[in-house]
Amino acid sequence: MNSTRKIIHIDMDAFFAAVEQRDFPQYRNKPIIVGGTPHSRGVVATCSYEARKYGVHSAMPSAHAYRLCPQAIFVKPRFDAYQEASLAIRKIFADYTDLFEPLSLDEAYLDVSNASLHQGSATLIAKAIKAAIKRETQLIASAGVSYNKFLAKIASDINKPDGLYLITPEQGETFVEQLPVEKFHGIGKATSIKMHSLGIKTGKDLKELPLEMLQHYFGKAGLHYYSISRGIDNRPVNNYRIRKSVGVEITFQQDIKARQDVIAQLQDLMEKALSKVTEKQLVAHTLTVKIKYHDFVQITRSRTLPQTITAAAAIPAILEDLLKNTDIGRRNVRLLGITLSSLESKSGQAHFRQMDLFSDY
Amino acid sequence: MKFIINREEILLPLQQIVSVIEKRQTMPILSNVLMVIEGDQLTLTGTDLEIQIIAKINIATADPGSITVPARKFLDICRLLPNGAEIKFELQDDKVKIASSRSRFSLSCLPADNYPEFAESELENHLFINAGKFKKALDKTVFCMANQDVRYYLNGLLLNVSNSKLKLVASDGHRLSIYEDNLDQPTGFESRIILPRKGVLELSRLLDDPEAELKVEFSSNNIRIFIKNLIFSAKLVDSKYPDFGKVFQQEFFNQIHIQKQFLKEALTRVAILANEKFKGVTFDISPGSLKMSTHNPEHDEAEEELVIEYTGEPLTIAFNAQYLLDAVSNLDSELAVLTIASNASSCFIDEPGDCGYKFIVMPMRL
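If you read the protein sequences in the order shown, they are chains A and B. Sequential numbering from 1 applies to the first sequence in the UniProt record's numbering. Sequential numbering from 1 applies to the second sequence in the UniProt record's numbering.
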């Protein structure tokens, strides 16, 4: 951690709303609010920049947003579409670095300290990623470049939308000094009110307080504030994600119906899923079957086994059993999927082996 | 169709029926309860096609007819009406009107004609048993049934009748419970059937009156049990129960006597630091002493030592602490007797003296 790191924070601009405007041309250049309907108790998930002009922002009750901007088009979220776009974006990140940490569908940190592309220039990489995102998804991202996560995140917010901003190690401390405390990531409404009441308004005010006092007022977070007010943030970009499930699915060119066809397809998917699990040195205990009927009605059926799931002869019986309470054979099927979950590492297993009354004799 | 009933008369039977009805159904009518009025009797039926429960309730004011209504909604309505409320039920066109004091409900319903018939073969075997006795037999065994095992015959309970002897066996392969009792009347037949897990659990819930006399009828495919005003039916698991006799034909170490309460407490404490999934706890047994120890992937360690009554060779064996706890907790005596096979391949747990039941816990091997 001695040498200076190069961190990029990518933040998609009005992500859900942008996906809607991309997919539905009639929404373009119009105030779009993705989230609950104005007459529901829902809130705004994201709104387009056209809607933001009216003071609408995310997390605001939809009813309130409607009062501010009655001409806005309220759209129900389509998470499948957002997920798809998000995956496409993550694929782009992977072209530049293995070390990226998605924070949500529309936000991620990338550590490009060891990247060789573009002579290792983080700014050029950020530019290239933005361009690739635009090319591949027709969506706009803002990027922040700096030497740690805290500053990179602040930087990505500066020239939004379609922004790109660099905070160099030399600028870091001065930059933080002039920053109002409420702009600090991790300082929310409650904390900033508390800080204001203590006369702390900017990074500079914060920096002038000794560590003991910060810890006295803010407990554990005190040390974090002490560090970030000096532009220090050593949190690594963490791409270690515990894999929770492995899934494969297939959408048919033409719907299938016959029970034996469905079973055959599921067995095929099962093999693929199992080989993925094995590849990762894992074993699974839960099997989930996903069925989407021709009319897009989707159901899942799931079964957790005490023993690990293998390609054993028992699988057809389990699949048959899972299909019991479904309309398989009666309704056309558009998509099938198999997900294996309750994963654990192969090596962590079987330190002790449970003996079985029937098979160990 | 029309009747008036007191909430207390319909609530319990309705609850008993609703518990077999699956929440997720592809046939909407299976989420409904079938209600039939014939003479002065109201009959409620619920099924998931594997199990069926019928309740018969005597009723004073009624017009005959039949209908099916959404079971959970109907139950919730009855449940949330005040104690002792008088409930009026009337079918009007395609709606069921429910009224009580100042509450009014109009419930959508489906015609009774479409309610699926529960197919039963002829039930040639009969026996009678006291509900309290049968409930005790179930309590001592059901906890060992497998749940969703691919060896589907283990997801159930073996009921073995041999003239006047009754034997219940349940096992998930890792442990086994066996319970034996005598019937009051000889049956004159020998038979082995497997009751499905869900049926066993539902049945056990219905045996709340230990005084009741049960009439049990069954064939190789179906079982039907008359419990006071209820009729419980289930399809049987179509398989042979695997042979477990070999586990008894072994050499054993001397018996170990342990105070049940001390054993339970020590096991529970040690298990805190056992591997969360496998709960492995090692027993080092020597004359007069039992040392339990465990560790987990985080390298936490725990140890307990208990005074026991044991004379014989020292031995080491490991168990899933939960299996052992389940077994020990189901003992009626204060003293637990552990008998370990001489190749440490199984452990028998029962009471000192004759008790009619036995638990077997299979060890874990390193």
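No wet-lab data here; the hints were simulated from the structure. Watch out, some of these pointers could steer you wrong.
Facing chain A, a subset of chain B residues (Cβ under 10 Å, in silico) [claimed, not checked]: (1) E22; (2) R24; (3) P28; (4) L91; (5) A146; (6) N147; (7) S171; (8) L176; (9) D238.
This one's a predicted model, so the numbers in the text were calculated from it and none came from an experiment. Don't be surprised by glycine CBs; every beta carbon is placed ideally from N, CA and C.
Going down the list of hints, with the structure as the test:
Against a cut-off of 10 Å between C-beta atoms, the interface hint on E22/B holds, since the closest Cβ of chain A lies about 7 Å away. For the restraint placing R24/B at the interface with chain A, the shortest Cβ-Cβ distance is roughly 6 Å, inside the 10 Å limit, so the hint holds. Hint on P28/B is violated. Least Cβ distance to chain A is approximately 12 Å, over the 10 Å limit. Evaluation of the L91/B hint against chain A yields a violated restraint, the C-beta minimum of about 29 Å exceeding 10 Å.
The closest approach between the C-beta of A146/B and any C-beta of chain A is roughly 8 Å, which is under the 10 Å cut-off, so the hint is satisfied. Contact between N147/B and chain A, as hinted, is supported at the beta carbon level, the nearest pair being about 8 Å apart and thus within 10 Å. Among the interface hints, the one on S171/B holds; its C-beta lies about 6 Å from the nearest C-beta in chain A, closer than the 10 Å criterion. Restraint check, L176/B versus chain A: the minimum CB separation of about 6 Å is within 10 Å; hint holds.
The criterion of a C-beta within 10 Å of any C-beta in chain A is not met by D238/B, whose closest approach is roughly 13 Å, and the hint is violated.
Checked against the numbered hints above, the structure breaks hints 3, 4 and 9 and satisfies the rest.
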